[in-house]
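2 protein chains.
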Amino acid sequence: MNCPKNNKCMPAAGASVEEFNLTAYLAGEKECIDGHLAKLMDTIPDTNLLKPAMAYSLLGGGKRMRPILCLAAARAVGVPFREITEPVLSTGCAIEFIHTYSLIHDDLPAMDDDNLRRGRKTCHIAFDEATAILAGDALLTQAFEILASPDIAEKTSPGLLLSIVHAIARAAGPRGMVAGQMLDLAAEGCKVSVDELQQLHGLKTGALIRVSLGAGAELGGASSDQREALKRYGQAIGLAYQIADDILNVEGDPHVLGKAVGTDAQRHKNTYPALLGLSASKALAQSLVDNALQALGTFDKKADPLRAIARYVVLRRY
Amino acid sequence: MNCPKNNKCMPAAGASVEEFNLTAYLAGEKECIDGHLAKLMDTIPDTNLLKPAMAYSLLGGGKRMRPILCLAAARAVGVPFREITEPVLSTGCAIEFIHTYSLIHDDLPAMDDDNLRRGRKTCHIAFDEATAILAGDALLTQAFEILASPDIAEKTSPGLLLSIVHAIARAAGPRGMVAGQMLDLAAEGCKVSVDELQQLHGLKTGALIRVSLGAGAELGGASSDQREALKRYGQAIGLAYQIADDILNVEGDPHVLGKAVGTDAQRHKNTYPALLGLSASKALAQSLVDNALQALGTFDKKADPLRAIARYVVLRRY
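In the order they appear, the protein sequences are chains W and P.
Each residue of the first sequence is one higher than the one before, starting from 752 at the first, in the working numbering.
Each residue of the second sequence is one higher than the one before, starting from 752 at the first, in the working numbering.
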């Protein structure tokens, strides 16, 4: 399948890293992903009582970083720049369903109790708490329906898809993202070490980022060396992304971010700036970006989007 | 794989419907399933902060009706009485993970706000609300990790397993169980028709019961006629089971049930006894059991457990 907007969203196949226009690339990818997310939501009838809350949270913005990484990993190992296969796009979007469910549940009063997300009311404020819990449950379950759908299965190998379902469930479940959220809640009000904080984020945000890259690479036909390299890349940028998030919560612009800043300090949250200070946090994030770039050493220019994304992680303003 | 307790839990292969000892059969199946559920939980390290809440709700009792139906469907289409294949057992158990997550979330203060379940404190009372939400999320996600695990995949066909993942996600998701719970919440305080109530329960409890039978049948190698018949059986006993639940909430013994009775009437819930009266509700449940038995007309004695379960549905006291 070609991306419906591929003339707009893809760089010229021969673009070098210097010429690479990340802003245009990200905007194009986001447009393509947003379109596919909307298409996936269209399979749920409009009369469905959960659809408004699911669509509100899923289609109401977001950087789409996980599907973008999934697509970029597939491209880095060989899927041509101007083509996106439906299995890769749907897998990336299924991961975005999971990411969105996790945000809805994290924002609940019993958890982080946040009222604002992506510049809009959080799901339980816009609807109510019961609807938000169920919309989260629905998005998580729907993700697995998408991953295992016959439409995708017939375009790739069922064995490969099943192993991707397994990897994504593992990354999102009690030994992955959910464990990270539990550690995060348990750590509130406690002093943790940098190692403990790294473990927490490795689970809470890192696991889903790593599996986005891993799934894209698998579907793109990566070699085992390529998969290992992308794992190291994912490990590094996942953590750098979180450190950058912590930094933005200190010195970001709430209007650009679409959410309040200073909230981590108010809640005495364990963050990198709180543990290491702002300057050492920035240096750590930069060294992680360097590690990520190093991990891509053997990749050719097809990995330029991944390289540009790594640099962007610490430069982004939202 | 043989059931580790199969000497205890299986009836003699030639047992006729008259001789069939359902109590012993259900107790044996439950022991076998409880053992496998515990084994599946063992894959999560004891240091995992979510494990206690997951294990509390998953391993703290329950009739295991969904895995029992999954196993019975596989047997009805050919899996020998004294054998249970690991894919069938794990699939039934994965569905029990999903059922347990749905109970944890349904009991939350924002939903049904129940303090007692299976004779013990509900998860959010025994732990706290945030832990209960995350334990539910973890159980749901872990179910898909179990279904797609390489251990199971190598014992059956990946294509078949993928279609089972798809069917289970569909049954549990926004067009299945979660939609039923949303309809249930929306219907509180409103007057609904018998048809609407049937639709609600067809989603809230029926979808997962039907897919338990369907998945067991698929894994047991059912013909398309057998699958259709088991679908009709599931449709009928799923609804009969719910009507029996409503009746037990009126005239059950709270000590035997392990939960309070009369709560539906207090909350002005839409139930069959409220809509039709007790006597007509009992007659409807009985006629559904008759339909279920009729659906099994072409099956031989290997379907005796399913026949006995259908009769039990309206006779049970908890």
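Check before you lean on any hint, since a few could be wrong.
Where chains are identical, the list cannot tell them apart; a pair therefore holds if satisfied intra-copy or between any two copies.
[As the list claims (entries may be wrong)] The list that follows gives simulated cross-link-like pairs (lysine-lysine, DSSO-like), each with its CA atoms no further than 27 Å apart:
#1 K790 with K1020
#2 K1010 with K1052
#3 K1033 with K814
#4 K1020 with K906
#5 K942 with K982
#6 K872 with K1052
#7 K942 with K802
#8 K1010 with K872
#9 K1053 with K942
#10 K790 with K942
#11 K1053 with K872
The hints are simulated quantities; they were obtained by calculation from the structure and are not laboratory data.
Okay, the hints, checked on the actual structure:
1. K790 with K1020: Classified as neither; 38 Å inside a copy, 36 Å across copies.
2. K1010 with K1052: neither (36 Å within a copy, 63 Å between copies)
3. K1033 with K814: within (21 Å within a copy, 54 Å between copies)
4. K1020 with K906: Neither, since 45 Å and 46 Å both go past 27 Å.
5. K942 with K982: For K942 and K982, the Cα distance exceeds 27 Å both inside one copy (29 Å) and across copies (55 Å).
6. K872 with K1052: neither (41 Å within a copy, 58 Å between copies)
7. K942 with K802: between (41 Å within a copy, 23 Å between copies)
8. K1010 with K872: within (10 Å within a copy, 37 Å between copies)
9. K1053 with K942: neither (43 Å within a copy, 60 Å between copies)
10. K790 with K942: neither (45 Å within a copy, 35 Å between copies)
11. K1053 with K872: neither (39 Å within a copy, 56 Å between copies)
This entry does not satisfy hints 1, 2, 4, 5, 6, 9, 10, 11, going by the numbered hints stated previously.
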